[in-house]
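With these hints in hand, go ahead and build the complete structure from the sequences.
Numbering-wise (this note's numbering), the sequence shown opens with residue 1 and increments by one.
Simulated from the structure, these hints should not be mistaken for lab results.
Please read all numbers here as calculations on a predicted model, not as lab measurements.
If a hint is listed, it holds; no wrong ones were tucked in.
Straight-line alpha carbon distances no greater than 27 Å define the calculated DSSO-like cross-link-like pairs of lysine-lysine that follow:
1. K286 to K256
2. K100 to K256
3. K83 to K269
4. K150 to K191
5. K329 to K182
6. K146 to K304
7. K153 to K182
8. K146 to K191
9. K146 to K300
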Amino acid sequence: MLASKHFIFFTLTLFLFSCGENNSTKTSRLTIKTNEKSLMYGDSLKLSIENPENLEISSIAYELNGKPIETNSVLKHITLGQKTITAKIKLGDQLETITKSVVIYNNVIPTIYTYEIVNTYPHDITSYTQGLEFYNGELYESTGQKTKSKLRKINFETGEVIKNINLEDQYFGEGLTILNNKIYQLTWQAKRGFVYDVESFEKLNTFNYGSSKEGWGICNDGETLYKSDGTEKIYFLDPENLTENGHLEVYTEKGKIPRINELEWIDGKIFANIYQRNGVAIINPKTGGVEGVINFKPLKSLVKQHPDLDVLNGIAYHPERKTIFVTGKNWDKLFEVKITAQ
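Right, dumping it as structure tokens:
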């Protein structure tokens, strides 16, 4: 934990224009200063305005991303990332509003985790794995590539495909998650997802994305769906109407983590594959802060080496076994692992 508390003064500039009888313009300036280059979760936030021309200010109200804050606030119970501070300043009967963008970083250094391989199982080497999840003890997988994308139910011990449907050729399959006997499957750039019955694979619904740019990974906590789009953002989706109700941004103590890919909900945290990094970030879903990192890079050397071999992608938690299953794009193996902090 980075325990230091910083008193933050934010630099904003306000130009006030008042016109006289001769149409000349008088410019006045109010400023808010900062003596810190960055903010962290838990920092103390002190806001004040410099008024060198002694303009008569009757009131000042501050907001952080549209929510009121006091002039002395502690940055807690908020998500990380890009934020907007707004100052609403009343000068007589005139209201002036100024804004400034700021970034809030995490206040912990991520814990490094190692892993132990418990079991190794066969995996279809032709599967470009995008999503992987257990539901009622059964393993489900979504695969990608146009003309090759699939939704599958698999016997994880043998690799046997129990049920399979192919997506239409124009769709590039992405992540999947299962909630209340419904499978939610994303596609990549078509800005469209599908909902299926978990038993029959009958398509029940089609939904379009909102603000999110693309479809990458998806998971759920039993109530809310969490969707990644290849950026540092993870969006909240209502499973009933599939609308996006805000987002969080994934940050460490040093900066944002983009290319968030396949997602899995494990014991109250979001585990996320980072595309092309062969690792997994453990994310606090309340803040977006990265609390841990698992380096799975050595696993790639344990699978068959071939021209179509691609990166680690696919993480599924087995709640009864308390183990994590991981694989990759066009990998011939599925690994069951246990993780421990270093």
